[in-house]
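Same order as they appear, the protein sequences are chains A and B.
Letter 197 of the first sequence, counting from 1, is numbered 197 in this note's numbering, and no numbers are missing.
In this note's numbering, each number is its position in the second sequence, counted from 1, plus 447.
Calculated from the structure, these hints are not laboratory results.
The beta-carbon is built from N, C-alpha and C at its ideal position, and this holds for glycine as well.
Treat each hint with caution, since some may be false.
The calculated lysine to any residue pairs, modelled on SDA-like cross-linking and capped at a C-alpha distance of 20 angstroms, are [said to hold, decoys possible]:
# : chain 1 : residue 1 : chain 2 : residue 2
1 : B       : K1342     : A       : F52
2 : B       : K1342     : A       : W132
3 : A       : K425      : A       : F413
4 : A       : K327      : B       : S1158
5 : B       : K962      : B       : Q928
6 : B       : K1363     : B       : E1373
Computed spacing ranges between beta-carbons, pair by pair [to be verified]:
#  : chain 1 : residue 1 : chain 2 : residue 2 : range
7  : A       : I250      : B       : Y1298     : 34 to 42 angstroms
8  : B       : T525      : A       : R151      : 40 to 48 angstroms
9  : A       : F159      : B       : Y1298     : 51 to 59 angstroms
10 : B       : Y1298     : A       : H247      : 23 to 31 angstroms
11 : A       : F52       : B       : Y1298     : 49 to 57 angstroms
12 : A       : P273      : B       : G1066     : 46 to 54 angstroms
13 : A       : H247      : B       : E1324     : 37 to 45 angstroms
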Amino acid sequence: MATAEMDTPRRHLTLADANRDITRPIAKPQGRYWILLLTTMAGIGLGAGAWFYQIAVGLGVAGITHPVMWGVYITTFVFWVGIAHSGTLISAILYLFRSGWRTTINRSAEAMTIFAVMTAGLFPLIHLGRVWYFYYLMPYPSQRQIWPDFRSPLVMDVFAVTTYLTISALFWYVGLIPDLAVLRDKVKGVRYKIYGALSLGWQGTVREWRHYRRLYLYMAGIATPLVLSVHSVVSWDFALSIVPGWHSTIFAPYFVAGAIYSGVAMVMTLMIPLRWAFRLEDYVTEDHFENMSKLLLLTGTIVGFAYATEFFIAWYSADPIEIESFKWRATGAYALPFWAMVFCNVVIPQTLWFRKIRRSVRALFALAIFVNIGMWYERFVIFVTSLAHEYEPGGWGIYTPSWVEIAILIGSFCWFFFWFLLFAKTLPVISIAEVKEHLAHEQHGES
Amino acid sequence: MPEPTANKPEQGIEDEAAAACGCGGSCGSNVPEEAGTSRREFLKVLGVGSAGAATIACGPPDFADKLIPNLVQEEGITPGVSETYATVITDAGPEPLAVHATVRDGRVIKLEINDRLGSGNGLTALAQSTLQDLYDPDRAQNPGRSNGDGTYADIGWDEADTALSSAVQGGGTVILTGAVTGTRARFLSEWAAANGAEHIAWEPFGSEALKTGRGSDVLPHYSLADADQIVCFGADFLGTWLSPTDLAAGFAASRDIDGDGHPHAKLTFVGPRLGLTGSNADEWIEARAGTEGQVAMAVANVVAAARGVTLAEGSNHTPESVSTATGVSAETIRALGEELAAANAGLAIPPGIESQGADAAAAHRAVALLNQALGATGVRVHDQGGPVDGATASFADMQALIARMSSGQVRTLITSGCNPAFTLPASAGFAAALGSVQNIIAISSHMNETAMASSWIFPCSHDLESWGDAELPGGAMALGQPAMAPIFNTMALEDILIAASSQDLGAPDYATYLKNAWLARVGDETGWLDALRRGGASAAPPAEDATPVADDGPGAAAVAVSFSQGAGSGTQLVAYPTVQYYDGRGANRSWQQEMPDPITKSVWTTWVEMHPDMADQLGVRNGHMVRVESGAGAIEAPAFVYEGIRADTVAIPIGQGHTAYGRNAAGRGANPLDLLAANADSASGALAFAGTDVTVTATGARGRLVLTQGSHDDLGREIAEIMNVEDALHEIEEHEVDLLSMVRAAHDADPSSPYRWGMVIDLNSCTGCGACVTACYAENNIPTVGEELVMQRREMSWMRVHSFHERTDDGGFQTVHQPMLCQHCGDAPCEPVCPVYATYHNGEGLNVQVYNRCVGTRYCSNNCPYKVRRFNWFTYEFPYPLNLQLNPDVTVREKGVMDKCSFCVQRINSARLDAKGEGRLVEDGEVQSACSQGCPTNAITFGNLKDPNSAVSRKAKSARGYHVLDELGVRPAITYLEDVTHAHMAATGHGDDAAEGGEEAH
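Extracted from the complex, chain A is given alone in its bound form (with noise of 0.2 angstroms):
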């Protein structure tokens, strides 16, 4: 990418600049964050009462039935994991390819990612039949000499979940070994142990910054495929079945692509809000917005292309079941949430062809609230109009959402928010070594 779209803060930053501006969030909390602290707070007791209460009583407290045995707890987990793409998208694959506007937002992307994960991993225990039996997915050795059935999508799922979290754990922790080191030299007390004991002893000095350079550039290495693999591997859990709507090549690339536009829309949603609450202008700018816009756009369009493909194939197909399955889903009970998918997905982004919008922050929020409801919507017609028209019509029918899944959905974003609140306010929401290098290279470069 050229260097007159890299990163040019408007103001003239210094180091110093740098170091201050980014940790300054880093202090006590003020009522407004606690507000929202508590809030999500709130919102994670609402899902996590509505978990135990269908864990006491069955899974029948939720609306899924026969025979749309998957409903908002699969969509919810398929709608995380795809938002937990574009952090290492963003992290991974950008910096390989040394596009430099990534610097000011991989951090959050990352973090992001992370939680994400975190919220995506409880969906497929909390739609278990049986919870408590959980580890049967596992395979460890048991007495009985039972393993998980490795032809199972679901447990290809378990390993590419665990897989992806782990190694954007490490990646983001890597990232932040330097970073951890500058807040360490700033804080007393506890913190100091704690950020000290985080930043492995990290002094700078040139040795520590060329192994630093290697192991980030072998993690970005490693987590690439992931970006590729893991949403692939979630969207075979509905290719590798038989589900007229389901069973089709089209989805690993149909779901990164829709991965990576859902996750670009919530690094939007996240970093909007955030950058006006820590007056970070001067580090995430419009540019960096442009940028993530086209990649909104690209993907969006990928996106809006993959179901126009689906339903061409369909009638290629001159299968009357998958045809007639198509034709319901755009027609059927969930018209609805067909037509909103498509609304959100495919011609609202349209407008990033205009640089107007592709500037304009608030625009862009809006925007991005939209491709997020949109993607949501996406899966959830994927997932439930297929299964409510299966092949035999006599066993059709219709499934509606419960208060217990709504109320685990309103509490999985609480959970995914208030992780991201936390780290707001204990980690520095932005790379302040990387920004500091890009900053150095100015200054060398001006001199």
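Place chain B on chain A using the hints.
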């Protein structure tokens, strides 16, 4: 052993046994009076096995903790081994049934038909669910005296006996029962004579019109199997009329197409609505309700003319003259007559309950005349072999009784085995007349409407808890022995009456009375034991095929063929009995409530069937509430839009709308009998169920219509297949498809295993009666979940019977009933998606489900193209004593696990073990799944596909065989055989007549 440690357990056992028996000793179990504390007494208790016996007799809730001694066991109780007792049930629909009761650890867990005596193949759903009547938590449990406010004070049997005998000795006693035959009928008449009482035996769906119309008190036997052209003038003979197990078996035989050279009989249904029987017909003549007899008479004249036969009477009814009243065009009637006249072996089945109008007896006579013209009388309609009519009173007799009650002539009314407060139309005034009766005594097993209106309730033991017998069709007699000790503080009807009798009836109890009666029949003790073992005695073979009713005509004309019902102008009501509830007696059994109606697939409610045209005019759709109003009353119920009904007719099932009777029945649905005026057919005294004009209006409210089938259209997906009879015969000659080779593909079963279990379901035989579904509930501990959860599609039934409407060329439709259950696919899509191997393929080709391993991802269900897996959304309750019915061989599932049809793996395992012990393989027919065993038409065949000579292998080779969704390549183990249908008559068109009537609907 030190004393203290020995003391501890014995104390516990004694206490539990005594506490468990809530009957205070009157149940006859020998629980020691005092709780002993010595080792000696402890051993004594164990030795005589009374702890086990007490446990079993009284059914404590924590049954599993009790001991059954291994050393000296109670006779007939071997832990883990079932015993079978032959006995009889008398209240499961229109006919008594000889059954085999499977008894495990002292309690009955399953019923099967005793085919050594009857001619049926399997029990109806209502008969299967008799077990839920036995174990009904809402049963009357203690004798009680009414407090006058709907509650009852418990009294002892002594007080009850005194009350009854003093009431009876006061004179003016009437004992009103349901149908009674055999020794019970004799006993009741003797008891009545000895006590100056009058016995009235009455059934709400009695056969008085049939008897009057035929001029004979003997009920006929219709030999359907010998017919090649059957016209049914409205009777639901496959479900609720006369003797459905026998008639359904005969019908299946008449439709057998695989046998050598047997013609496949065509069934034409004449009536306003396609019910269970109508839906199995090849052609539908849409006659108005109550006018079927007029069609029959006109058809008879056409047949007589074509065959050169002279009819005794009724020649004034021509197709043209009846056309207006019946709503059927003269051409159609003429075509039907000509088709019948040309048939080799035609047979007409008379009107049933729902078509019983003001002309009921005349209609029956018309059908008898038609059978005469067809040459069927004495050939396919026999006076021998028919069911025995145990009900002698007609509705008119009941009206007379009500009049006598009102005028105070009846001082004491004893009811038993009937529920007139519910099953008589409200307009008959039974409830009001009860006010003038001094002593109302209900000897009832349930707190039904009649019992609730009584001043005394004496709880009656169930058939399975008491001695009894009943006459079966064809002169056989079924003998019933108690298959278990009473659960509650109940007594048999006869024993209650003996205790209250002022004169000695020659026996101290009914067991003795019955045995004496049987000794007279079977000769000696050996014969008695043999009868007990066999469940009764067969009929003496008839010397000759004597035909008391000569071929030259039906008996003496007790009724003239004249019809009063003319052309109607309003909307007509059809109130019909169903296989679920019959006259309402099935309404408190959750299996029956949760059994989808054969036509609408609706459960737990009452609905109003109406034609799409009427629905359009009213602006209602499925589930919208409509108000149906007649001169006698009004009810509201949700609409069900159905093509198989005339546009000027609405149909409402009888049996719901109870105000009492128990938790499942009370306050549910509406009772269409409230709409009927107390009109009787003047000739026979039969209640006119048909012929009521009603006004139907939409209330604008949304009702609750719980439907269990997603779509009645299979969208051409070749799920329910149907073929023309000519094609079927042609294909059988031309080629054979070997589907069997497909199910034998390598990994369907372990190559070294001698078994690959499979099933063939013949849609040509399946009538859709749902008996298989209830049999499956009984065998496999399937919980019922209630209306609310079925509304959410959470019913747990492992089997569902779909009714698909296949379009016919002339714009009508043909119903195909199709049982759908786990197909045990050779390459099952559910298996590889399970992350924990909770479902996998076993060596015998079964797709097995390991409940303990299941974590509940439900992926298997998503990936099942047949959608036959059911998920336990909750842990379901089996309230005591319903839990005593649970099959100990089948796991009761907990919340969070998936379950599904197992092909009754517990029966397979049991048979395999038996065979292994004897060093042989399981033989064909040795294992039957519950559905296959329970099927009244033998539509389901189960067995080993690896045995080329097994019945299932032979049938699977049929040219009609196909696999549902074969294109998916999952290689199901169930082969369906296509339904076979006949072409329609050229002269008729569907819907023509309906359109005329439809304009009058409002």
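Hint by hint, here is what the structure shows:
For the hint pairing B/K1342 with A/F52, the CA-to-CA distance comes to about 14 angstroms; that is within 20 angstroms, so the pair holds. Note on B/K1342 and A/W132: the hinted pairing holds, with a Cα-Cα distance of about 12 angstroms set against a maximum of 20 angstroms. The suggested pairing of A/K425 with A/F413 holds, with an alpha-carbon distance near 18 angstroms, which does not exceed 20 angstroms. Simply put, A/K327 and B/S1158 have alpha-carbon atoms about 16 angstroms apart, close enough for the 20 angstroms limit, and the pair holds.
Our distance criterion of 20 angstroms between C-alpha atoms is met by B/K962 and B/Q928, whose separation comes to about 11 angstroms. With a C-alpha separation of about 13 angstroms, the suggested pair B/K1363 and B/E1373 falls inside the 20 angstroms cut-off, and the hint holds. For the hinted restraint 34 to 42 angstroms between A/I250 and B/Y1298, the CB-CB distance of approximately 37 angstroms keeps it satisfied. Distance hint check: the CB atoms of B/T525 and A/R151 are about 44 angstroms apart, consistent with the given range 40 to 48 angstroms.
The given range of 51 to 59 angstroms is broken by A/F159 and B/Y1298, whose C-beta atoms sit roughly 26 angstroms from each other. The supplied range of 23 to 31 angstroms is met by B/Y1298 and A/H247, whose beta-carbon atoms lie about 28 angstroms from each other. Here the CB-CB span from A/F52 to B/Y1298 is close to 24 angstroms, at odds with the stated 49 to 57 angstroms. The hint said 46 to 54 angstroms for the Cβ distance between A/P273 and B/G1066, and at roughly 51 angstroms that hint holds.
A beta carbon spacing of about 39 angstroms between A/H247 and B/E1324 agrees with the range 37 to 45 angstroms that was offered as a hint.
Taken one by one, the earlier hints fail for this structure at numbers 9, 11, listed in ascending order.
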